[in-house]
Amino acid sequence: MRSDTLRPDHKVIVDIVEPGSRVLDLGCGNGELMFALARGKKAKVQGVELDESAIHKCVAKGLSVFHGDIDSGLSDYQDKSFDYVILNQSLQQIRRVDTVLTDALRVGKKVIVGFPNFAYLSARLRLFFKGKAPVTPSLPYTWHSTPNLHFLSISDFLEYCRKNKINIGQRAFLNGNRRINIFPNLLANIGIFLISK
Amino acid sequence: MKQKDLGIVKTEYFAFAESGHELKLDSGESLCPVTIAYETYGLLNKDKTNAILVEHALSGDAHAAGFHEGDKDPGWWNDLIGPSKALDSEKYFVICSNVIGGCRGSAGPSSIDPKTGSPYALSFPVITIADMVRAQKRLIDHLGIKKLLCVIGGSLGGMQALQWVAAYPNHIQCAIPIATALKHSPQQIAFDEVGRQAVMADPAWNNGNYYGGKNPERGLAVARMIGHITYMSDKSMEEKFSRRLKEKSHSNKFSADFEVEGYLRYRGDNFVKRFDANSYLYITKAMDYFDLSCDKLIAKDRHIDVRFLVIAFKSDWLYPPYQSQEIVRQLKVKGQDATYCQIDSTYGHDAFLLEVEQETHLVKHFLDKTFCGYDVTRGYEI
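Just so you know, the protein sequences line up as chains A and B, in that order. Going left to right, the first sequence walks through residues 1 to 197 as this note's numbering numbers them. Going left to right, the second sequence walks through residues 1001 to 1382 as this note's numbering numbers them.
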């Protein structure tokens, strides 16, 4: 896979990760991001994924992955076992966000978090004018079929980090392929943060 | 497309540990001489880097794949071993050997004790999984292989694979333990003990001295019937037998009315034709003694250069997935390169012999990446 065919959020993350890093990808899905990191950054990658068919796809790519829940299993790792722990598009689906984020920040020197922005303009419009739960490209599910347990905005996340004394390093805001530089909480449908404790 | 099989294969024998070179055992005793029955499939490459050691389960043997002359049924893992299969005999050199303590060609309680000229029976020394692997290592040395590409096995076979990791980490590139555990739980020991008691309660067992006379067939058959219950799941038994009757009505005379009864009797009766009751005692005891928990798999503060693929099955209640997850936990703590998959199967413990498609997919790709190097990006486009 060439870098120009990478998913925009994956491209942002690949750009953040330093070459040769040890990376743990929580909720790694089919392993596309891990593969891009292994290929582009010679990263030593390990995934965690709940879906069995996704495990098979990771193994077919030659990737190492643990079949299991993100909510369990992080506590086994020693402090700073990884240079980066990634929670891309998985934060909103885990049950105990506090526990997982605390453990991720312990296990990884840095944590990369990417999530759909609930306060994105079209989500607001749909809620305001139609009075319906948002369905957008980054939040594509209907209220009854969504795997998402938490609905947060970019502002919510910034506030969470401030309250919990989590340092934010790099940040990127996306709308499709475009980088958003102004009013991200309104104009971006994805936010990606590099955080550390 | 129907897959090709290996065709006719033959068991070979390797004799070692002659006088002066005894095989030292965990018990402090030693064995001399020792014979190991083994089979090989495919060809060893020039650099001797393509050898895979297959480890069999409790009732298995060296005949893992292909057909013996005149046999209708192939070896016990024929679905996974052969041309273009998971363990591809056109690419890899596959070895399978019978465990010592067994009764299928390797040294065991039914072998002749050279000192007395009659079968060892219970004078055969107690065997551990480490002893089985120690003997295998001698076979691998004999075949001129310094480093195995892979050690793979299910159940008892998985324990042996783990024991290879503990004893000879520098001599293997990867390990694939399937449906197994670092140690038996009290429940597993309990089932084994009931099986052993069934054998020993048979008057024909005669403290193990039955060779040349009547075998303790009833006892061993009951042990095997108990075993088969633990290898299936509630659901797989419902699907396979439900409450179907063999005949139209109940006999009311304690004959095998239900299909499940007929199946267990058939399995039990078949088993005694090919298995030695004393071997059953020795091997189950070795499994009960096995314990690689608490840093015994990989020593504390040590990193080994071995990749892992750990496989469990959802409905396996004899070796439940939590036991495989315990293996994975050890590997995580040590920062080992490992993959774990819990296959969603209803077959119970038997799944490791039956979930061919899923296992093939995982094992084939995992081996390919191990064999071709760690670089995941090699010639791969997604």
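Derived from the structure by calculation, the hints contain no laboratory data. Note that the coordinates shown come from a computational prediction; the quantities given were computed from them, not determined experimentally. Just so you know, not all the hints are guaranteed correct.
Straight-line Cα separation of at most 27 Å, BS3-like style, residue types lysine-lysine; simulated pairs [said to hold, decoys possible]:
1. Lys61(A) with Lys1300(B)
2. Lys197(A) with Lys1010(B)
3. Lys61(A) with Lys1314(B)
4. Lys1334(B) with Lys165(A)
5. Lys109(A) with Lys1364(B)
6. Lys1010(B) with Lys44(A)
7. Lys42(A) with Lys11(A)
8. Lys1300(B) with Lys1048(B)
9. Lys1296(B) with Lys42(A)
10. Lys1334(B) with Lys1010(B)
11. Lys109(A) with Lys1048(B)
A few chain B residues that face chain A, going by a derived Cβ cut-off under 7 Å, partial list only [as the list claims (entries may be wrong)]:
12. Tyr1289
13. Asp1337
14. Tyr1340
15. Thr1346
16. Thr1360
17. His1361
18. Leu1362
In this text, a Cβ means the ideal position worked out from N, Cα and C, and glycines have one as well.
Is the interface hint for threonine 1346(B) satisfied, with its Cβ closer than 7 Å to some Cβ of chain A?
Violated, about 14 Å.
Would the pair lysine 109(A) and lysine 1364(B) pass a check requiring their Cα atoms to be no farther apart than 27 Å?
violated (34 Å)
Lysine 1334(B) and lysine 165(A) were given as a pair; does the straight-line alpha-carbon distance stay at or below 27 Å?
Violated - the C-alpha atoms of lysine 165(A) and lysine 1334(B) are around 30 Å apart, more than 27 Å.
Taking 7 Å as the limit, does the beta-carbon of aspartate 1337(B) come near enough to a beta-carbon in chain A?
Aspartate 1337(B) check passes; min Cβ-Cβ to chain A is 5 Å, inside 7 Å.
Restraint check for lysine 1010(B) with lysine 44(A), where alpha carbons must lie at most 27 Å apart:
Violated, at about 43 Å.
Mind checking the alpha carbons of lysine 61(A) and lysine 1300(B) for me, to see if they're no more than 27 Å apart?
Violated: lysine 61(A) and lysine 1300(B) sit about 31 Å apart, past 27 Å.
Status of the histidine 1361(B) interface restraint (C-beta, 7 Å, chain A)
Because about 6 Å separates histidine 1361(B) from the closest Cβ in chain A, which is inside the 7 Å limit, the hint holds.
Hint check: lysine 109(A) vs lysine 1048(B), CA-CA at most 27 Å. Holds or violated?
It is violated: about 41 Å lies between the C-alpha atoms, which goes past 27 Å.
Decide if the proposed pair is consistent with the structure: lysine 1334(B) and lysine 1010(B), CA atoms, cutoff 27 Å inclusive.
Roughly 41 Å between the alpha carbons, so the hint for lysine 1334(B) and lysine 1010(B) is violated.
Mind checking the alpha carbons of lysine 1296(B) and lysine 42(A) for me, to see if they're no more than 27 Å apart?
Distance of about 32 Å is beyond 27 Å: violated.
Minimum beta-carbon distance criterion (7 Å), tyrosine 1340(B) to chain A
At 5 Å from the nearest chain A Cβ, tyrosine 1340(B) passes the 7 Å test, so the hint holds.
Could you grab the alpha-carbon distance between lysine 61(A) and lysine 1314(B) and see if it respects the 27 Å cut-off?
holds (24 Å)
Of the numbered hints given earlier, the model fails hints 1, 2, 4, 5, 6, 8, 9, 10, 11, 12, 15, 16; all others are met.
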